[in-house]
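**Student:** Below, each chain spelled out in residue letters.
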Amino acid sequence: MILSILFLLALLAAHSFVGDTVARIAGIAALCFWCAFRPSDDRRIKVFFYSVVMLVMSIAILFVLGLINQVSLLKYDLYLHAIDRTLGFCPAQLAFA
Amino acid sequence: MIGAYQMLPTMMVAGYGWALFSKSFSNHLLVSYFVTAICAALYLIVPASGPGFLLGGSLAAAHSSPAIGLIPLSYVANCIPSAHLSMAITIWFFNRSNVIARRVCLAFIFVTGFTTLALGEHYLIDLVLSFPFALFVVSSTTGRYRRAAAAMACVLLWLNAIRVAIDTLVNHPVWLWVAAAVTIAGSSVYLSMSSAEQVEHETSMKELVAA
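Residue numbers (our numbering), protein chains in the order written: chain W, 2 to 98; chain C, 781 to 991.
Worth flagging that the hints you see were computed from the coordinates, not collected in a lab. Beta carbons: idealized from backbone N, C-alpha and C, even for Gly. Among these hints, one or two may not hold up.
Stated by the list, open to error - The calculated label-pair distances, taken between Cβ atoms and stated as ranges, are:
(1) 937/C to 89/W: 18 to 24 Å
(2) 75/W to 987/C: 52 to 58 Å
(3) 75/W to 975/C: 37 to 43 Å
(4) 75/W to 965/C: 21 to 27 Å
(5) 65/W to 980/C: 32 to 38 Å
(6) 847/C to 89/W: 18 to 24 Å
(7) 75/W to 947/C: 17 to 23 Å
(8) 75/W to 880/C: 44 to 50 Å
(9) 948/C to 75/W: 19 to 25 Å
(10) 926/C to 65/W: 27 to 33 Å
(11) 987/C to 65/W: 52 to 58 Å
(12) 983/C to 74/W: 50 to 56 Å
What the hints assert, rightly or not - Take a look, some chain C residues computed to stay more than 10 Å from chain W by CB distance:
(13) 925
(14) 940
(15) 943
(16) 957
(17) 966
(18) 968
(19) 970
Claimed, not checked - What the simulated footprint calls covered on chain C by chain W, stretch by stretch (three residues with Cβ under 8 Å from a Cβ of chain W suffice, anywhere in the stretch; the number is not a length):
(20) 846-853
(21) 903-916
(22) 928-936
(23) 950-956
(24) 974-981
Model the full structure from these sequences, guided by the hints.
**Tutor:** Right, dumping it as structure tokens:
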């Protein structure tokens with residue numbers, strides 16, 4: 002467990018230098034980690050299978066989001082921005098990122 | 781900070797790994813990943829891209845108050861509710877039996893909430909709605925369908941109110957605050973109740989297997 006946390010922290014550090022696609026691939030790298038540390042456990046096959054399914058699902062969601070964007074080019078951002086302002090929150094408060 | 785925001789896929793795999801190798805493993809977490817995809821349909825109700833896309837480079841000077849109206853933005857509408865935060869809450873929920881995993885997941889919830897706002901990916905109200913949406917995901921995957929229906933009704937009520945009654949919401953800041961606070965508090969209470977019920981169920985299942 003401690004090793005897995007160190008691994009995740011290393012991934013977190015690595016993510017600071019890479020893009021979104023690499024971050025998804027890093028998820029599969031995490032899968033390999035779990036497989037490697039339980040070589041005698043049959044469940045590693047499940048982890049592998051489900052991780053591949055998740056990767057396909059994430060690509061499918063991106064595809065669906067692209068379709069949604071085609072359907073609705075007009076956005077409600079000003080509505081949500083107005084609600085945030087009413088709540089007293091402004092993006093500028095955290096804009097240092 | 782971008783790295784922390786993009787950690788979600790990794791945490792999904794790690795969270796599943798932790799859940800898979802725990803003694804009380806069930807496929808609930810995996811199912812919840814698929815249930816969360818319903819978010820894509822909810823994005824259609826109030827399509828929005830995020831403050832970072834609305835304000836762009838002027839994010840730091842966003843204290844302006846433009847007139848409320850629809851705006852053409854050619855970015856992906858994946859704003860409300862925040863799937864990132866609701867997924868983080870779900871991963872935490874299904875990893876409570878492991879102390880270290882629970883703490884890591886709890887930290888991940890706070891990091892996700894902070895980074896989504898800081899990077900201009902989500903509005904604050906998106907994060908508010910992610911609580912009832914997470915409750916919907918958790919309740920529907922664990923078979924508590926009435927609770928799931930109530931949570932989804934809450935999300936839909938909010939989305940509908942934003943779409944058709946924005947003036948009422950904006951003109952009553954106190955009520956808006958109360959509604960947001962009740963939404964978060966109510967969802968958190970029911971998430972805690974679901975957590976306790978789930979632990980009880982897992983314990984009884986263990987005893988059944990042992991017998």
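**Student:** Each hint should be assessed against the structure and marked as holding or not.
**Tutor:** Hints versus structure:
At roughly 22 Å, the beta-carbon separation of residue 937/C and residue 89/W lies within the given 18 to 24 Å, and the hint holds. Hint check: residue 75/W to residue 987/C, Cβ distance near 56 Å, so the stated range 52 to 58 Å holds. Restraint check, residue 75/W to residue 975/C: a C-beta distance of roughly 40 Å satisfies the suggested window 37 to 43 Å. A hinted range of 21 to 27 Å for the beta carbons of residue 75/W and residue 965/C is inconsistent with their spacing of about 34 Å.
For residue 65/W and residue 980/C, the Cβ-Cβ distance of about 37 Å falls inside the hinted range of 32 to 38 Å, so the restraint holds. Checked against the given bound of 18 to 24 Å, the beta carbons of residue 847/C and residue 89/W, roughly 20 Å apart, stay inside it. One distance hint, 17 to 23 Å for the beta-carbon pair residue 75/W and residue 947/C, holds here, with the actual separation near 18 Å. Between residue 75/W and residue 880/C the CB atoms are about 46 Å apart, so this pair conforms to the stated range of 44 to 50 Å.
Judged by the Cβ atoms, the range 19 to 25 Å given for residue 948/C and residue 75/W holds: they are separated by roughly 21 Å. Between residue 926/C and residue 65/W the beta carbons are some 28 Å apart, a value that agrees with the proposed interval 27 to 33 Å. The beta-carbon spacing between residue 987/C and residue 65/W, approximately 43 Å, falls outside the hinted interval of 52 to 58 Å. Remark: the range hint 50 to 56 Å for residue 983/C to residue 74/W is upheld by a beta-carbon distance near 52 Å.
Even its closest Cβ contact with chain W, about 23 Å, leaves residue 925/C beyond 10 Å, as expected for a residue assigned away from the interface. The Cβ of residue 940/C lies farther than 10 Å from every Cβ of chain W, with a closest approach of about 12 Å, so its non-interface assignment holds. For residue 943/C, the non-interface assignment is contradicted: its Cβ lies about 7 Å from the closest Cβ of chain W, within the 10 Å cut-off. Remark: the non-interface label on residue 957/C conflicts with the geometry, its nearest Cβ contact in chain W lying 6 Å away (cut-off 10 Å).
Separation of residue 966/C from chain W is adequate, the least Cβ-Cβ distance of about 17 Å exceeding the 10 Å criterion. The Cβ of residue 968/C lies farther than 10 Å from every Cβ of chain W, with a closest approach of about 18 Å, so its non-interface assignment holds. Non-interface status of residue 970/C relative to chain W is upheld: no Cβ of that chain comes within 10 Å, the nearest being about 22 Å off. For the region 846-853 of chain C, the stated coverage by chain W holds: 8 residues have a C-beta nearer than 8 Å to a C-beta of that chain, and at least 3 were required.
With 4 residues having a beta carbon nearer than 8 Å to a beta carbon of chain W, the region 903-916 of chain C meets the requirement of three or more and the stated coverage holds. Residues of the region 928-936 of chain C with a Cβ under 8 Å from some Cβ of chain W number 0, which does not satisfy the need for three, so the listed coverage is violated. For a cut-off of 8 Å, the count of residues in the region 950-956 of chain C with a CB near a CB of chain W stands at 3, and the three-residue condition holds. Counting residues of the region 974-981 of chain C whose C-beta sits closer than 8 Å to any C-beta of chain W gives 0, which falls short of three, so the coverage hint is violated.
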